[in-house]
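Student: For reference, the chains in residue letters:
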Amino acid sequence: MTADHTSGPLIDVRDLERTFDVRRRVEGRRRRTREQVVAVHDLTFSVDGGEMVGYIGPNGAGKSTTIKMLTGILVPTGGEVRVRGLDPSRQRVELARRIGVVFGQRSTLWWDLPLRDSFDLLQKMYRISPARYRENLDRFVDLLDLGAQLDTPVRQLSLGQRMRGDITAALLHDPEVIYLDEPTIGLDVVSKGRLREFLRALNRERGTTLLLTTHDLQDIEALCDRVIVIDHGTSVYDGTLAGLHAQGGSTRTLVVDLVDEAPPIDVPGAEVRKVEGPRQWLSFPSDASAAPIVAAVAASYAVADLSIQEPDIEDVIRDLYSRGA
Amino acid sequence: MASPGPAQHLRTYGQIAWLWIRAAWQYPTSFVLLAVGNGLITGLDFVGLWIMFSHLSRLDGFTLHEVALLYGSASLALAVADTAIGSVERIGTYIRTGRLDQMMTKPVPLLVQVCADQFTLRRLGRLTQAAVVFGWACTYVDWTPLRVLVAVSMLVSGALVFFGLFVGFSCIQFWTTDATEFANAFTYGGATVTQYPLSIFPREVMVGLTFVIPVAFVNWYPCLYLLGRSDPFGTPDAFQFASPVAGILTMAAALLVWRTGVRHYTSTGS
Amino acid sequence: MLHVAVATRTFRRYATYRAATLSGIFTNSVFGIIYSYAYLALWDANPSAGGYDSQDAVTYVWLGQALLMTIALWGGGTTDDLAERIRSGDVAIDLYRPVGLVGWYLASDLGRAAYHLLTRGFGPTLIGLVVFDISLPGSVLDAGAFAVSLVLAVIVSFAIRFLVASTAFWLLDQSGVKVMSGAFAIFISGMMLPLVLFPGWLGTLANALPWASYVQVPADIWLGKRQGTDLLAALGFQVMWAVVLIAACHGVLRLATRKVVVQGG
Numbered sequence: 001m002t003a004d005h006t007s008g009p010l011i012d013v014r015d016l017e018r019t020f021d022v023r024r025r026v027e028g029r030r031r032r033t034r035e036q037v038v039a040v041h042d043l044t045f046s047v048d049g050g051e052m053v054g055y056i057g058p059n060g061a062g063k064s065t066t067i068k069m070l071t072g073i074l075v076p077t078g079g080e081v082r083v084r085g086l087d088p089s090r091q092r093v094e095l096a097r098r099i100g101v102v103f104g105q106r107s108t109l110w111w112d113l114p115l116r117d118s119f120d121l122l123q124k125m126y127r128i129s130p131a132r133y134r135e136n137l138d139r140f141v142d143l144l145d146l147g148a149q150l151d152t153p154v155r156q157l158s159l160g161q162r163m164r165g166d167i168t169a170a171l172l173h174d175p176e177v178i179y180l181d182e183p184t185i186g187l188d189v190v191s192k193g194r195l196r197e198f199l200r201a202l203n204r205e206r207g208t209t210l211l212l213t214t215h216d217l218q219d220i221e222a223l224c225d226r227v228i229v230i231d232h233g234t235s236v237y238d239g240t241l242a243g244l245h246a247q248g249g250s251t252r253t254l255v256v257d258l259v260d261e262a263p264p265i266d267v268p269g270a271e272v273r274k275v276e277g278p279r280q281w282l283s284f285p286s287d288a289s290a291a292p293i294v295a296a297v298a299a300s301y302a303v304a305d306l307s308i309q310e311p312d313i314e315d316v317i318r319d320l321y322s323r324g325a
Numbered sequence: 001m002a003s004p005g006p007a008q009h010l011r012t013y014g015q016i017a018w019l020w021i022r023a024a025w026q027y028p029t030s031f032v033l034l035a036v037g038n039g040l041i042t043g044l045d046f047v048g049l050w051i052m053f054s055h056l057s058r059l060d061g062f063t064l065h066e067v068a069l070l071y072g073s074a075s076l077a078l079a080v081a082d083t084a085i086g087s088v089e090r091i092g093t094y095i096r097t098g099r100l101d102q103m104m105t106k107p108v109p110l111l112v113q114v115c116a117d118q119f120t121l122r123r124l125g126r127l128t129q130a131a132v133v134f135g136w137a138c139t140y141v142d143w144t145p146l147r148v149l150v151a152v153s154m155l156v157s158g159a160l161v162f163f164g165l166f167v168g169f170s171c172i173q174f175w176t177t178d179a180t181e182f183a184n185a186f187t188y189g190g191a192t193v194t195q196y197p198l199s200i201f202p203r204e205v206m207v208g209l210t211f212v213i214p215v216a217f218v219n220w221y222p223c224l225y226l227l228g229r230s231d232p233f234g235t236p237d238a239f240q241f242a243s244p245v246a247g248i249l250t251m252a253a254a255l256l257v258w259r260t261g262v263r264h265y266t267s268t269g270s
Numbered sequence: 001m002l003h004v005a006v007a008t009r010t011f012r013r014y015a016t017y018r019a020a021t022l023s024g025i026f027t028n029s030v031f032g033i034i035y036s037y038a039y040l041a042l043w044d045a046n047p048s049a050g051g052y053d054s055q056d057a058v059t060y061v062w063l064g065q066a067l068l069m070t071i072a073l074w075g076g077g078t079t080d081d082l083a084e085r086i087r088s089g090d091v092a093i094d095l096y097r098p099v100g101l102v103g104w105y106l107a108s109d110l111g112r113a114a115y116h117l118l119t120r121g122f123g124p125t126l127i128g129l130v131v132f133d134i135s136l137p138g139s140v141l142d143a144g145a146f147a148v149s150l151v152l153a154v155i156v157s158f159a160i161r162f163l164v165a166s167t168a169f170w171l172l173d174q175s176g177v178k179v180m181s182g183a184f185a186i187f188i189s190g191m192m193l194p195l196v197l198f199p200g201w202l203g204t205l206a207n208a209l210p211w212a213s214y215v216q217v218p219a220d221i222w223l224g225k226r227q228g229t230d231l232l233a234a235l236g237f238q239v240m241w242a243v244v245l246i247a248a249c250h251g252v253l254r255l256a257t258r259k260v261v262v263q264g265g
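Protein chains in written order, with the UniProt record's numbering: chain Y, 1 to 325; chain A, 1 to 270; chain V, 1 to 265.
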């Protein structure tokens, strides 16, 4: 690796813009009208080598459009993308040697042939040296526990095994960055756990950069130190997972079980959200301490039980979305 | 690392194709049925010509073995092209299923991947049948060294012309996937035309088959030379040696259309 | 009526592909032109080959192009849906429905054929009429008989395609058989070359097989080659094959049902 490649961020996205022309048939008009749909708008972020980034957002937010522009499948209509200093759409084939892509529900493996055959072909397509290939294959097969499946036709593999096969396929050529689109979709809990463990190890041992789109927030919690939330084509949050909780104006909830029914509790720093018989829900900012509130409640009311609910990350993101809308 | 050249691409093509052949062998019954069925289609094609000749001795002045030379050479060129380009006619499906996107993330030129994808030897049937007919017709040719040269260049150029037509017209699918049959009129239509002496068509059609869809160069012009005939339309004799030019031009045009198509795809994403 | 509803639905389904239909008509017409010139050259060399004159021959070409999709000569049509349902195993549900499977798919295929007749049948016919001055049926009786013959052609073709699709019960995949059967049909139906030109025993055989009902019989009726009792014989020939083949469909289905039941679907 030469120095000019390692200077600057690995992925650099600036003011990225992507619009689509959509033809739509309008009721009452014979001609279809053209309409511009903005898929990605004013998107800026950068990722350094070795980061593990969760790229999340609701369906149609522009996630896959972004990934397509990062891999060179789609040309931006505005702004700039650089991956390792390369312009993906112009230097797509060159870039392809340095990246790995896994599209969650579509396999690149040869359906009717043993797993090993697909890997062998990839060695040739990427021109991986035989020594490096053997070394990588041994390592990944060991880590992903695929040894017994190497000589099984892909069509006979389970969904989890196939996904592990696809991830191996995307990594054999030592990519610097790997894009994973919904890698755990449809997998059982054990498979998900094993996959996450593998990705962590990969990042730790080889410094492989990871960009992950997912609906499974546990993937994010297990893997990513950084989250980029995209909505309506633009980034609405970029930072740590913990920061996301705070930033979302997120609140924790104090659940109070009173001995008797009572009118809404009135204490400073907290607000009653819901009353149900003797049980009341009080919300307070995540970054505030619970102690003074608990003390205030206990001082004025007869309390049977208390518990604190941590904010749900889904709620946090939903909050962000609704604010962005 | 030196950037890979055509030889490297050809090797990669072969490696992908080989994997597909092995995959197809997992279903030997279907494989054999498809190969035999394909041979049958083209075999019956020739039986049709033969039946035609049971009602006449000359078709527009051409004898059966002369027509067989036309038919065999075009069919051979088509079979070679058809075998080589595999799935290029299925681009529309690849776009719809996202397979094209997957291919675009691989460090091998897209056209190499698309052509090698789902490579199948089922056209072996057509290849064999065409070779037999061509071989038989060749025994009636009065060979000279130059005629041998023209014959070889005819087969290579013919394959290039068909390759170009299939790639070029398949690119329509980058713009619309509804009109795939439209392309058949030019690809398979062009192939059908070459089964007959082109003199049966009016002059305007002939001009189109020379300059627009240049299938006349696949077999008609060079065969006139092999048979020592002059062109009934009176086109210059130079045309009889121009097949390589037509082949290269068609290929170049097709590659240009292909590049435009891919660029359209990457700029519209659909 | 249920079957009418099924047919109508299929008609509508096919009617949504307008660009595909137009490009199909274009392609049929290009092939019509190519074959017209080939036949003209043939009949120029032998003006009474097969008992046709050159106008008969060119008319035959355009009728063939018009019928190509209507009778789904290459195979396919709604029986492809059946093959797909067999492959996926969904057919097990169909087999337990109170409605007969053969009737259901036949109705659906007639709906498809009606759409293809109106578009890809009339389109090339019109072009042949304008460009090559093809002949029209000589009498109202001939025209009516042609219409009946056409329906019978679709039924016979449907039955054969149904049998081909049914091979998926045993082979899982119909594609190999479909390609073989399609190639054979193109040749033996008279699509490639009129059966009247087939010499000796080959001609006798081809004219006796069900595929003759696809193109040769309807075309001969259109051209007025079958009159009086001969016309009745022609239609009777189609009816005979339609009955035999539909019965065969039912028989195969019964065997298949037993197989599906034994294997538990």
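Hints are computed from structural coordinates only; laboratory data are not their basis. Keep in mind it's a predicted model, so treat the numbers as computed, not measured. Quick reminder that beta carbons are idealized off the backbone N, C-alpha and C, glycines included. Be a bit skeptical, because a hint or two may be false.
Pairwise CB distance ranges, derived in the manner of DEER restraints [said to hold, decoys possible]:
{"id": "1", "chain 1": "V", "residue 1": "V148", "chain 2": "A", "residue 2": "T139", "range": "47 to 53 Å"}
{"id": "2", "chain 1": "Y", "residue 1": "R23", "chain 2": "V", "residue 2": "T8", "range": "25 to 31 Å"}
{"id": "3", "chain 1": "A", "residue 1": "S267", "chain 2": "Y", "residue 2": "G50", "range": "45 to 51 Å"}
{"id": "4", "chain 1": "Y", "residue 1": "N59", "chain 2": "V", "residue 2": "A248", "range": "47 to 53 Å"}
{"id": "5", "chain 1": "A", "residue 1": "P232", "chain 2": "Y", "residue 2": "R90", "range": "48 to 54 Å"}
{"id": "6", "chain 1": "A", "residue 1": "V156", "chain 2": "V", "residue 2": "L209", "range": "39 to 45 Å"}
If you only want the chain A side, here are some residues facing chain Y, beta carbon under 7 Å, derived [what the hints assert, rightly or not]:
{"id": "7", "residue": "A23"}
{"id": "8", "residue": "Q26"}
{"id": "9", "residue": "D101"}
{"id": "10", "residue": "T105"}
{"id": "11", "residue": "N184"}
{"id": "12", "residue": "R203"}
{"id": "13", "residue": "T266"}
{"id": "14", "residue": "G269"}
Student: For each hint, tell me whether it holds in the structure or not.
Tutor: These are the hints, each one checked on the structure:
1. V/V148 / A/T139: 47 to 53 Å: Holds: the Cβ-Cβ distance is about 51 Å, inside 47 to 53 Å.
2. Y/R23 / V/T8: 25 to 31 Å: Holds, at about 29 Å.
3. A/S267 / Y/G50: 45 to 51 Å: The hint (45 to 51 Å, Cβ to Cβ) is violated, given that A/S267 and Y/G50 are roughly 33 Å apart.
4. Y/N59 / V/A248: 47 to 53 Å: 50 Å, holds
5. A/P232 / Y/R90: 48 to 54 Å: With Cβ atoms ~51 Å apart, the hint holds.
6. A/V156 / V/L209: 39 to 45 Å: Taking Cβ atoms as reference, A/V156 and V/L209 lie about 41 Å apart, which means the hint holds.
7. A23: Nearest chain Y Cβ about 4 Å off; hint holds.
8. Q26: 4 Å, holds
9. D101: 5 Å, holds
10. T105: 4 Å, holds
11. N184: Since chain Y brings no Cβ nearer than about 26 Å to A/N184, farther than 7 Å, the hint is violated.
12. R203: 41 Å, violated
13. T266: 5 Å, holds
14. G269: 5 Å, holds
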